[in-house]
Amino acid sequence: MFDIKDPNSIQLNSAGQLKHFITTEGLSRELLTEILETADSFVDMNAQQVKKVPLLRGKTVVNLFFESSTRTLSTFELAAKRLSADVLNLNISTSSTSKGETLKDTLQTLEAMHSDMFVVRHSDSGAAHFIAEHVTPNVAVINAGDGRHAHPTQAMLDMLTIRRHKGDFSPLIVAIVGDILHSRVARSQIHALRILGAAEIRVIAPTTLLPRNIEALGVKVFTHMQTGLKDADVVIMLRLQKERMQSALLPSESEFYKLFGLTNEKLQHAKPDAVVMHPGPINRGVEIESAVADGPQSLILDQVTNGIAVRMAVMSMSMSGQMAEKNMKAEA
Amino acid sequence: MVQGTLSVESMLDKMASELKTLLIHRQIEDPIIIGIRTGGIWIAERLHTALALDNAIGTLDISFYRDDFSQIGLHPKVQASQIPCVTEGRDIVLVDDVIMSGRTIRAALNELFDYGRPASVTLVTLLDLQRRQLPIQADIYGGTLSLAANQQVKLTGPDPLTLEISQKD
Numbered sequence: 001m002f003d004i005k006d007p008n009s010i011q012l013n014s015a016g017q018l019k020h021f022i023t024t025e026g027l028s029r030e031l032l033t034e035i036l037e038t039a040d041s042f043v044d045m046n047a048q049q050v051k052k053v054p055l056l057r058g059k060t061v062v063n064l065f066f067e068s069s070t071r072t073l074s075t076f077e078l079a080a081k082r083l084s085a086d087v088l089n090l091n092i093s094t095s096s097t098s099k100g101e102t103l104k105d106t107l108q109t110l111e112a113m114h115s116d117m118f119v120v121r122h123s124d125s126g127a128a129h130f131i132a133e134h135v136t137p138n139v140a141v142i143n144a145g146d147g148r149h150a151h152p153t154q155a156m157l158d159m160l161t162i163r164r165h166k167g168d169f170s171p172l173i174v175a176i177v178g179d180i181l182h183s184r185v186a187r188s189q190i191h192a193l194r195i196l197g198a199a200e201i202r203v204i205a206p207t208t209l210l211p212r213n214i215e216a217l218g219v220k221v222f223t224h225m226q227t228g229l230k231d232a233d234v235v236i237m238l239r240l241q242k243e244r245m246q247s248a249l250l251p252s253e254s255e256f257y258k259l260f261g262l263t264n265e266k267l268q269h270a271k272p273d274a275v276v277m278h279p280g281p282i283n284r285g286v287e288i289e290s291a292v293a294d295g296p297q298s299l300i301l302d303q304v305t306n307g308i309a310v311r312m313a314v315m316s317m318s319m320s321g322q323m324a325e326k327n328m329k330a331e332a
Numbered sequence: 001m002v003q004g005t006l007s008v009e010s011m012l013d014k015m016a017s018e019l020k021t022l023l024i025h026r027q028i029e030d031p032i033i034i035g036i037r038t039g040g041i042w043i044a045e046r047l048h049t050a051l052a053l054d055n056a057i058g059t060l061d062i063s064f065y066r067d068d069f070s071q072i073g074l075h076p077k078v079q080a081s082q083i084p085c086v087t088e089g090r091d092i093v094l095v096d097d098v099i100m101s102g103r104t105i106r107a108a109l110n111e112l113f114d115y116g117r118p119a120s121v122t123l124v125t126l127l128d129l130q131r132r133q134l135p136i137q138a139d140i141y142g143g144t145l146s147l148a149a150n151q152q153v154k155l156t157g158p159d160p161l162t163l164e165i166s167q168k169d
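Chains as they are written, first to last, in the UniProt record's numbering: chain L, 1 to 332; chain F, 1 to 169.
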């Protein structure tokens with residue numbers, strides 16, 4: 001585990017612009033809205049015939065993945081390429097013993113190649129923050145998921161998906177269902193939803209999959225699915241993270257599905273126009289019924305499309321924040 | 001110091017008439033008119049009506065193609081460019097309100113070429129501020145204007161279209 005200090009002292013430049021993107025926690029509503037508006041522009045651009053703009057031309061983006069991933073890595077890669085950056089994908093398997101030192105060595109090697117941005121995924125909470133602290137000035141760091149801590153681009157692509165379908169956040173009841181305990185996605189979503197002013201944020205899970213003191217984040221806790229779903233506008237299902245479960249937290253997958261799996265029948269308790277989301281990859285018949293995942297209320301594929309746009313937005317904004325800081329220092 | 005006139009309407013009349021003549025001279029019969037956001041779109045709409053063109057107007061937002069991203073960063077509310085038809089092999093009339101350094105037009109040409117290789121591009125601007133930093137000239141312009149270093153000009157619209165000269169902050 002790494003020590004996580006005040007995130008904003010590291011992720012904003014002296015003019016308050018984004019220069020790293022480590023967590024949604026503590027950011028202003030204005031900044032999150034700016035990310036969403038910039039991403040909106042890229043959603044339109046991604047639908048055009050030529051899906052490429054020259055914003056990061058000549059920049060080198062390194063996707064530094066210490067933990068395996070398919071969709072996050074591929075959408076980050078596409079995002080960087082559509083911004084005209086050169087992209088290097090590195091899958092580095094971690095040995096649990098020598099992380100701190102190895103990470104620094106890896107960083108120095110990559111910095112010697114004149115990289116401009118690191119997109120980091122790591123199984124340890126705080127890894128992206130650690131890298132942002134130790135990286136050369138003017139190199140941007142984007143967190144692509146760190147341990148149980150945060151997955152800010154996933155949370156922002158979910159916010160973009162909600163905003164494009166529901167507009168304003170202020171009347172919305174959002175229910176997050178499933179493995180809250182191991183979910184960095186849930187944490188980042190809860191922070192983002194609070195900052196953007198959602199009316200009510202609920203978490204629905206068996207007690208064994210709820211972190212202690214989760215209420216402190218400003219959520220309502222439900223252990224009964226049907227009650228928690230009542231009148232919800234947005235239902236976000238989470239993946240059961242079996243790879244992170246070190247003890248028997250669940251009696252069985254079928255038992256979980258019976259109580260917490262999202263079926264059309266359970267979805268009836270939410271509002272009729274409720275939308276259903278899932279960060280993927282989905283376990284059909286464990287977290288969600290196929291009829292719901294592929295049904296008219298599902299936005300699961302929109303989330304993937306919006307993911308590219310959000311990643312393009314935070315990459316270009318962070319690079320721009322780094323360059324602005326460089327200019328400010330040069331003038332001073 | 002103003003050379004010519006600042007009446008937008010008379011400038012538009014002159015531009016429409018000159019553009020008509022130029023298109024005939026260049027044997028261009030079916031041009032696609034494309035305006036650069038925001039002022040350029042207003043001017044493009046007026047020329048489109050004056051020339052009674054059939055093709056829908058295209059719009060370009062050049063924010064993603066600017067060359068000062070590293071100095072001033074990204075504008076958050078970039079709207080999508082909309083090019084109504086295939087531009088490959090077509091004659092384009094590119095329209096902006098003002099040409100000064102030429103950098104906006106450079107960005108617009110780069111973006112335009114991402115949509116295909118046009119047969120020709122004719123550049124029309126309402127005003128020429130004559131402070132070029134790139135070798136780019138308008139084929140047709142309504143008037144020229146020499147501003148002092150602390151002055152700026154802004155087109156407001158779309159109805160009515162007016163030009164205002166003001167002191168910079």
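These are calculated hints, taken from the structure and not from any lab test. Incorrect hints may appear among the rest.
[Stated by the list, open to error] From the structure, some residues in chain F lie toward chain L, with a derived Cβ separation under 8 Å:
no. : residue
1   : F64
2   : S70
3   : L74
4   : K77
5   : C85
[Unchecked claim] If you anchor each label on the Cβ, the simulated ranges turn out as follows:
no. : chain 1 : residue 1 : chain 2 : residue 2 : range
6   : F       : K168      : L       : H165      : 40 to 50 Å
7   : L       : N327      : F       : P158      : 55 to 65 Å
8   : F       : Q82       : L       : M113      : 32 to 42 Å
[Stated by the list, open to error] Straight line, CA to CA, 25 Å or less: simulated BS3-like cross-link-like pairs of lysine-lysine:
no. : chain 1 : residue 1 : chain 2 : residue 2
9   : L       : K52       : F       : K20
10  : F       : K77       : L       : K81
11  : L       : K51       : F       : K20
12  : F       : K154      : L       : K326
13  : L       : K166      : F       : K77
Where a beta carbon is used, it is the ideal one built from N, C-alpha and C, also for glycine.
Taking the hints in turn, this is what the structure says about them:
The criterion of a C-beta within 8 Å of any C-beta in chain L is met by F64/F, whose closest approach is roughly 4 Å, and the hint holds. The beta carbon of S70/F comes within 5 Å of a beta carbon in chain L, closer than 8 Å, and the hint placing it at the interface holds. The interface hint given for L74/F holds, since its Cβ lies 5 Å from the closest Cβ of chain L, which is under the 8 Å cut-off. Interface restraint check for K77/F: the shortest CB-CB distance to chain L comes to about 6 Å, inside 8 Å, so the restraint holds.
Given the 8 Å rule on beta carbons, the hint for C85/F is violated: about 12 Å separates it from the nearest Cβ of chain L. One distance hint, 40 to 50 Å for the beta-carbon pair K168/F and H165/L, holds here, with the actual separation near 42 Å. Roughly 36 Å separates the CB atoms of N327/L and P158/F, a value that falls outside the hinted 55 to 65 Å. As the Cβ distance of Q82/F to M113/L is approximately 40 Å, the hint placing it in 32 to 42 Å holds.
The suggested pairing of K52/L with K20/F is violated, with an alpha-carbon distance near 35 Å, which exceeds 25 Å. A distance of roughly 21 Å separates the Cα atoms of K77/F and K81/L; the hinted pair therefore holds under the 25 Å criterion. Annotation: proposed proximity of K51/L to K20/F is violated, straight-line Cα distance about 35 Å (limit 25 Å). Proposed proximity of K154/F and K326/L is contradicted: the alpha carbons are some 31 Å apart, above 25 Å.
With a C-alpha separation of about 19 Å, the suggested pairing of K166/L with K77/F holds against the 25 Å cut-off.
Taken one by one, the earlier hints fail for this structure at numbers 5, 7, 9, 11 and 12, listed in ascending order.
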